[in-house]
Amino acid sequence: MDISLLMALIWSFHIQYMQPASFYLKAPTMIYIFIFIALRALRFEPCLILIAGATAIVGWLFLVLYVILSVPEDPMITRNYVTYLTSNAILIGAEIDKIVSILLVTSVLAIAILYAQRTLNRAVTESMAAADLSRFVSREVAERITTADVEIQPGDGESKFATVMFTDIEGFSTISEKLSPQELAGMLNEYFSALTEVINNHGGNISQFIGDMLVITYNASSPNEDHALNAVRTALGIQAVTKSRTFGQGKNGGATLKTRCGINTGDIVIGAVDTSDRLVFTVHGDNVNIAARLEPLNKKYGTYILAGENTEEACRDECDFEPVGEVTVSGRATPTKILR
Numbered sequence: 001m002d003i004s005l006l007m008a009l010i011w012s013f014h015i016q017y018m019q020p021a022s023f024y025l026k027a028p029t030m031i032y033i034f035i036f037i038a039l040r041a042l043r044f045e046p047c048l049i050l051i052a053g054a055t056a057i058v059g060w061l062f063l064v065l066y067v068i069l070s071v072p073e074d075p076m077i078t079r080n081y082v083t084y085l086t087s088n089a090i091l092i093g094a095e096i097d098k099i100v101s102i103l104l105v106t107s108v109l110a111i112a113i114l115y116a117q118r119t120l121n122r123a124v125t126e127s128m129a130a131a132d133l134s135r136f137v138s139r140e141v142a143e144r145i146t147t148a149d150v151e152i153q154p155g156d157g158e159s160k161f162a163t164v165m166f167t168d169i170e171g172f173s174t175i176s177e178k179l180s181p182q183e184l185a186g187m188l189n190e191y192f193s194a195l196t197e198v199i200n201n202h203g204g205n206i207s208q209f210i211g212d213m214l215v216i217t218y219n220a221s222s223p224n225e226d227h228a229l230n231a232v233r234t235a236l237g238i239q240a241v242t243k244s245r246t247f248g249q250g251k252n253g254g255a256t257l258k259t260r261c262g263i264n265t266g267d268i269v270i271g272a273v274d275t276s277d278r279l280v281f282t283v284h285g286d287n288v289n290i291a292a293r294l295e296p297l298n299k300k301y302g303t304y305i306l307a308g309e310n311t312e313e314a315c316r317d318e319c320d321f322e323p324v325g326e327v328t329v330s331g332r333a334t335p336t337k338i339l340r
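Numbering (my numbering), first residue to last: 1 to 340.
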């Protein structure tokens, strides 16, 4: 509508100034055509830009044809540029240039908005995918997966100096036997929610849920300068939470859940494993295996938190540790000192 009104306004100039119709073809007001086309870009719809450009081209063609046909016996067409500039003569090439300019501006704007629209849609899709994935894995891992430049393949990974913690519920099998599936799910949901809050407070990332067990990493998928100390603080926080409340709503009330933690620090590999059809983004390596071995050893030593000697060294006297024994991981000749 605005472009049509602009064309009508330009057409009226020759009447207003009592000049031949060709007079309005040189009116600088036609520059507003480009402004009106550009304004359509604010709507972020390429089709609106194309409609505006097409309307402008058709309108200008109408104005040119009106000039030529208004006085058939003297259309005032010239091929001399000087004559064109100094009189009311028409230079067809100049009018073609104007139409081509409108066409090019319209096309460039439409293509630019189309690419911007696709980029925005892709960003929104990736953001939604990351949000959905973060319900199953940590947000950092979700972002790594969704923003990868190439498809993640089995074996893709990177080495990190990090801390890994395994947690497990003591006597989980006995507890679960007394609960219905719905009660068990409700209990675990409350339990994991409580632990997740503690883990997040200390910068940890949950790498995997395996039944009632959690695999938690620090400084693996996201930076965590005091990763060993934060892992120990998380373990202590978990003990405080599980001692202060019960979980679930069974027939005899909520269940008291005691959590065993195994912590180790060292070089690990974080990345994708499994087949090309199904991937698991996790951590692995000798130091991960040590952490996994430490968690069940709590039962042997009557403890709820065990850490490897590397974790003790990384904590830099910030925590008081007490040696309780040694553990040897399959494939390693040197045993690892364990502490509580």
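Watch out, some of these pointers could steer you wrong.
[Said to hold, decoys possible] Here are the computed lysine to aspartate or glutamate pairs in the EDC-like style, where the Cα-Cα straight-line distance is at most 16 Å:
(1) K299 / E170
(2) K98 / E170
(3) K98 / E190
(4) K243 / E190
(5) K243 / E225
(6) K299 / E318
(7) K243 / E326
No wet-lab data here; the hints were simulated from the structure.
Values in this document were obtained by computation on a predicted structure and should not be read as measured data.
Results for each hint:
no.: 1; hint: K299 / E170; verdict: 8 Å, holds
no.: 2; hint: K98 / E170; verdict: 81 Å, violated
no.: 3; hint: K98 / E190; verdict: 69 Å, violated
no.: 4; hint: K243 / E190; verdict: 14 Å, holds
no.: 5; hint: K243 / E225; verdict: 29 Å, violated
no.: 6; hint: K299 / E318; verdict: 26 Å, violated
no.: 7; hint: K243 / E326; verdict: 28 Å, violated
Going through the hint list in order, the structure does not satisfy hints 2, 3, 5, 6 and 7.
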